[in-house]
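Q: Sequence:
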Amino acid sequence: MKKQDMNRDWIATAATLNSALPYLQRYDGAIVVIKLGGHAMGSDEAMESFARDVVLMRQVGVNPVVVHGGGPMINAMLDKLEIESEFVNGKRVTDAATVEVVEMVLSGVVNKRIVQAINDQGGMAVGLSGKDANLMICEQTDASLGYVGTPARMNPKILHDLFSHDVIPVIAPLGAGQNGETFNVNGDTAAGAIASALKADRLLLLTDVSGVKNAAGEVVTELKAGQIREMTRDGTIAGGMIPKTETALDALHSGVRAVVILDGRAPNAVLLELFTEHGAGSLIRPD
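Take the sequence shown: its position 43, counted from the start at 1, is 43 in full-length UniProt numbering, and no numbers get skipped.
To be clear, the hints were calculated from the coordinates, so they are not data collected in a lab. Note that the structure is predicted; figures quoted are calculated from it, not measured. Each residue gets a CB set at the ideal place from its N, CA and C atoms; glycine is no exception. Some hints here could point you the wrong way.
To be verified - Quick list of in silico lysine to aspartate or glutamate cross-link-like pairs, DMTMM-like style, CA-CA up to 20 angstroms: (1) Lys157 <-> Asp120; (2) Lys213 <-> Asp234; (3) Lys157 <-> Asp201; (4) Lys80 <-> Asp95; (5) Lys213 <-> Asp166.
Unchecked claim - Simulated restraints, written as ranges between beta carbons of each label pair: (6) His253 <-> Val167: 27 to 37 angstroms; (7) Val60 <-> His278: 35 to 45 angstroms; (8) Gly217 <-> Gly180: 39 to 49 angstroms; (9) Asn268 <-> Pro22: 31 to 41 angstroms; (10) Ala216 <-> Ala96: 41 to 51 angstroms; (11) Asp287 <-> Gln25: 47 to 57 angstroms; (12) Gly122 <-> Asp287: 34 to 44 angstroms.
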């Protein structure tokens, strides 16, 4: 058998693994909630890469929880079924017909695609929604929006039970009402509520942007909650970043140790954030 010479790529790989040791030790047994959306759900290749990262996390002792969205898939199915939607102040009204489609797409097609991707990489994933085991009991957010809910009471026991058996929960953002009705919940909001209920070590919000940017358009790698509030007041944080940072602040207030807004388009983004010195995206901590 021919002896192989060491090359720079092999040495660099070994050095990367070696430098990851303190971070592997740091997150052993930690709960990390990941909000999956955007590009990471857009292709089979991206989904496979994400699933492999999640399985690796579980393999080294992390307890990952995946909470997903699915807006584009819902829109496509509503169009296919020719169900027209009303909008109030730019927000879709989720009527009885629409919420049935939302549940079918999120708990069915989208959830099981992610579960299968994780299982294909050697993990053991189980698909849930907030309706299962009373995980997420909701109140109606706004009567004018129909079946759109805000988490009011959480019961994370089922998730702890799954952790104890090395199972990776994959959660669709749906909740039950006090009278058994189904509520559609914003994916970031659901992820924040679940992370809060678990007192998670990290909440990772995967987006299609590289993180929170300052007035010069540069990504800020680490911020305190007070800085987020100030940047929102002066308009530096605007548009679609506002609900994400609001979710982050709510989660920090409820006991989540830190929140990271990071670019889900970057290969191995969650591994870079957890297991390298430089991390990825914008890390937000309490004041």
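Q: All hints, please: hold or fail.
A: For each hint, the structure was consulted:
1. Lys157 <-> Asp120: violated (26 angstroms)
2. Lys213 <-> Asp234: holds (13 angstroms)
3. Lys157 <-> Asp201: holds (17 angstroms)
4. Lys80 <-> Asp95: Between Lys80 and Asp95 the Cα gap is close to 17 angstroms, so the pair holds against 20 angstroms.
5. Lys213 <-> Asp166: Answer violated: Lys213 to Asp166 is near 37 angstroms, above 20 angstroms.
6. His253 <-> Val167: 27 to 37 angstroms: holds (29 angstroms)
7. Val60 <-> His278: 35 to 45 angstroms: Given a distance of about 19 angstroms, which is not inside 35 to 45 angstroms, the answer is violated.
8. Gly217 <-> Gly180: 39 to 49 angstroms: With a Cβ separation near 48 angstroms, Gly217 and Gly180 satisfy 39 to 49 angstroms, so the hint holds.
9. Asn268 <-> Pro22: 31 to 41 angstroms: Because 18 angstroms falls outside the window, the suggested range is violated.
10. Ala216 <-> Ala96: 41 to 51 angstroms: With a Cβ separation near 48 angstroms, Ala216 and Ala96 satisfy 41 to 51 angstroms, so the hint holds.
11. Asp287 <-> Gln25: 47 to 57 angstroms: violated (27 angstroms)
12. Gly122 <-> Asp287: 34 to 44 angstroms: Given a distance of about 41 angstroms, which is inside 34 to 44 angstroms, the answer is holds.
Checked against the numbered hints above, the structure violates hints 1, 5, 7, 9, 11; every other hint is satisfied.
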